[in-house]
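Asker: Quick mapping for you: the protein sequence lines, in order, are chains X and L. Position in the first sequence (first residue = 1) + 1 = my numbering. Position in the second sequence (first residue = 1) + 12 = my numbering.
It should be emphasised that the hints constitute simulated quantities derived from the structure, not laboratory data. These numbers were taken from a predicted model, which means no experiment stands behind them. Incorrect hints may appear among the rest.
[Said to hold, decoys possible] Think about it this way: if two alpha-carbon atoms lie no more than 25 angstroms apart in a straight line, the pair counts; the simulated DSS-like pairs of lysine-lysine are:
no. : chain 1 : residue 1 : chain 2 : residue 2
1   : L       : K360      : X       : K148
2   : L       : K281      : L       : K207
3   : X       : K238      : L       : K97
4   : X       : K238      : L       : K95
5   : L       : K415      : L       : K165
[Said to hold, decoys possible] Distance ranges between label pairs, derived from CB positions:
no. : chain 1 : residue 1 : chain 2 : residue 2 : range
6   : X       : V270      : L       : V224      : 39 to 47 angstroms
7   : X       : F124      : L       : K95       : 36 to 44 angstroms
8   : L       : N344      : X       : P61       : 35 to 43 angstroms
9   : L       : D441      : X       : V160      : 56 to 64 angstroms
10  : L       : T260      : X       : P61       : 47 to 55 angstroms
All residues carry an ideal CB built from backbone N, CA and C; glycine is no exception.
As a plain string of letters, each chain reads:
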Amino acid sequence: MSTVKAASPLSPPSRLRRRVDPVKIASFITLVITTFLMLLPLFFMVSTSLKSKREMLKFPPTFLPESWAWSNYTDIFETLQFGTLYKNSLIIAGFSVFGTLLSSALVAYGFARYRGRGNNFWFILLLSTMMLPYPAIMIPQFVLFSKMQWIDTFLPLIVPAFFGSAYNIFLLRQFFSTLPEELFDAGRIDGCGELRMWRTIALPLSAPALATVAIFAFIYSWNDLLTPVLYLSSSDKFTLPVGMASLTSSRFRIPPWHLLMVASVLAMVPIVTLFAIAQKQFVEGIVLTGIK
Amino acid sequence: MNKIMKSKRPAVLLTTALTAMVAISGCGGGKSAGNVAAGDSGAGNSGGSGEQVTISHYTIDSEDRTFIEKLIPEFEKEHPNIKVKVEKAPYEQFDSKLQTLIAGGNSPDVTSHYGYGGFAEYYNKDMLLDLTDLIKEDGFKAEDYNIPGNLMKIYTVNGRTYGIPVNMYVTLMLYNKDMFDAAGVSYPPSDYEDKSWTFERMVEDAKKMTLVSDDIAKTQYGVDFTWAERDMRPLYFGAEPYSEDTWTNGGVPSETHFDSPEVIAAYQKLFDLVFKDKVSPTSEWSKSVAGQNGDPFVAGKIGMSIGGSWNLAGANDFPFKIGVAAVPWGGNEQVRSTLFVDPLLILKDSKHPKEAFEWIKYLMTTEVQEKSIELSGGNPPVNTEAAEVYYKHFDGIDPQDVKKVYEGAVKYGYESYNHLITNYSQINDMFINELQPVETGHKTLEEVMPVIQKKVTEIIKR
C-alpha cells in the first residue's frame, strides 16, 4: 500500500496528481465480490427461513420471499420444542467452556512454569492423545459411562471437559511460557502461593488466549452431534444439532427446509454474539499465540 | 527414556493418576452395581408377581416414527406393570447408535430396521430374538390382527419367526394431474388388471408431456422411473439378478447374475428412457432441480413418478393436484411393485421379552393401527382392516384408487431385497457408485455390469 509512496518520496505532488492506484481498485473490487459470494449462502439461509412451505419447493428458487412468513420463527418453537433444545445446548456448552478453561489452564500452567525431568515426555504423550480419533474410544467410553449410570444425562457431555483437552492445553502453554519470569518472582516475594499466582497473575494476563480457548470450546460443544446422539435418548434432553438432524430424518416427508433455516439462523446467534464480544481478544489471541 | 526412569516426579504423578482412576472407576462401578441390583430385582421376578418393568422402544426421531409416544399412556393404563420408554436418534445415526447401545450393554427391547441396515444384517449378526416360542406360548395368531399370512412369512427363517410386520409400503405411480390436463393426456389407470397400461404406453404418454428447453425453469419431463433400489430394477422386466435360494439361505444368495444378457437388457430399457426416448431427466438435472428435496416430482417438473407409497404422506403439501396409478405392465406376469414391509423386532439382549411382546401386540391391534395412521401422518398399516382407514387418508385422492393400487401392488408385489440380503447397505452403496457413470452417460452398461457382478459376489462373501 505504502510502497508506491515510499518508492518516490521526493516526486513533486503535481506530477503524481493523486492518481488512483489501479492495483488498489482491483483488489477492492475482488474483495467486494468475494465478500458477496461468501455472504450469498448466508443470505439464502435467511431468505429461505422466511419462505412458506410451498414457496420453498419452487424451482427456480425465488431470491427474496414472495410473502414473508414471519410465523416460521414462532412455528419452530412448536414443531421442535426449540426452547428446550436451545436451553439444553446452552447448559452443556456453558459447562463445557467452564470446564475446559479451568482444567486446561491449570494443566497448561503446570507445563509452562515447571521444569522437571521427563517434562517433554509427558507433554508429547499429552499431544499424542490428539491423534486418537473419537470413534476409537467411542464404545469403551460408552461402556464406562453406562456402568456409571450416566446414560441419558448431560454428565457424559460435560464431565470430560473438566479433564482438559490436549489442543487447548498446548495453546495455553505456549501463551503462559511467554509471560516474563520476573512477574512470578515478584509474586513469590510477596508471598503468593502457586495457585494464587495462577489466578492473580497468569490468568488475567492471558485474557486473549483464554478467550480463544473459550470460543473453540463453545463452538465444539455447540456443533457436536455424535456424542449427544449416543448419550441422550429422550427428547426433552436433546441438543440443538440432534433436533435439527431429526427435522430431516423422515424418509417419508419433504424435509421442512424453511424451518431448518430458521433453526440455523437462531443457532448462529450465540456464536456470533460470543464472537462479537470476544473478537478483540480473539484476534489478538491468534496473533500472539501464533507468532511467539 | 533413561531420564524418565530415574526421575521420581513422573512416577509420583503416574501413581497419583492411577490411584485417582481406580478410585473413580471403583466408585462408579460400585455404585452402578448397586443400582443394577436394585433396579433388576424386579426383572428377576417379573414372571411372577407382576412387578413393574420398563421396556424401551428404539426408533427414528421423526414425526412418522415417534407418534408411538402418544400411544403409551393408554397402553400403560391397560398394563400397569409395564412402562414404555422411547429412545430415539436421527435417521443418519440410527445404526451406529444401535450398535453402540448393544455393545455397551444398553440394548433396547423393541426396534425395527429403520436405518440403513436391514433384517438380514441383524439376523446374521445374531442380534434378534427368536419369537417362535413366545408366539406359541402366547397363542398369538396373525389372523386375529388381520395380518396377511404371506407377510408373516417375510420375517420367518427356517420356520422360526423373528419379526412381526407392522407397516407395509408398496411401489406405485404418482402423477401430476395438472400436467396431464395441460397436455390433454388421459389419466393412467389404478387397476393392475388393466393390461393396456403397458410400459410402452407410459413412454408414449410421457413423450406428450416432455418439454426440453434451454431455459431450465421451463423444462419438464414425462416420467421418472426410479423403481425401487437399483439392484432390484431388472425384476420388473422379469430378469432375476439374485438366485432363488436367497430367501431360504438366510439372505445369502448362492449366485448372482448381474452380467447376464437378460439383466443388462432390462437395465438398458430403463436407461433408454433417459438417453434414447429422452422422456426422463438425467440424474444431474434431477439433482439441480430438486435440490435437497431429492425429488423433481415434488417441484412439479415430472408428469409421472414411480416411487414408494411413502411419497403419498407428503401429498397434501404438493403445490399441484396429484393422483395415484398402477405401475405399468412391463411384460412380465409377476413383479410390478416392490413391497417394503417394516417389522417390529425384539432384540436378543432384551431383559423383558415377554413384556416387549405385549407392547408389540398392542401396536398391532386394529384400533391402534387405525389411530397410528392419523398420528403418523399416513403410515400404511399391515392390518387389512385398518388399511380401509388408510385409503381414505389423502386429500384430493380418490380412496378407491389408493385401495386398488394397494391391492394390486400386493398381488403383483415382491418383497424388497434391501431387508433380506446380507450386507445390503454395502451392496446398495456400491450400486449407487458404479452405476453413476451410466446415469450420467459416460459409460455403457456392458462396461459396468461385469464389474458390479464381481463386486456383489465379493460383498456377499464377506
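Asker: Hint by hint, say whether it matches the structure.
Answerer: Hints, one by one, checked against the model:
| no. | hint | result |
| --- | --- | --- |
| 1 | L/K360 with X/K148 | 20 angstroms, holds |
| 2 | L/K281 with L/K207 | 19 angstroms, holds |
| 3 | X/K238 with L/K97 | 14 angstroms, holds |
| 4 | X/K238 with L/K95 | 19 angstroms, holds |
| 5 | L/K415 with L/K165 | 23 angstroms, holds |
| 6 | X/V270 with L/V224: 39 to 47 angstroms | 45 angstroms, holds |
| 7 | X/F124 with L/K95: 36 to 44 angstroms | 51 angstroms, violated |
| 8 | L/N344 with X/P61: 35 to 43 angstroms | 40 angstroms, holds |
| 9 | L/D441 with X/V160: 56 to 64 angstroms | 37 angstroms, violated |
| 10 | L/T260 with X/P61: 47 to 55 angstroms | 52 angstroms, holds |
The structure shown violates the earlier hints numbered 7, 9.
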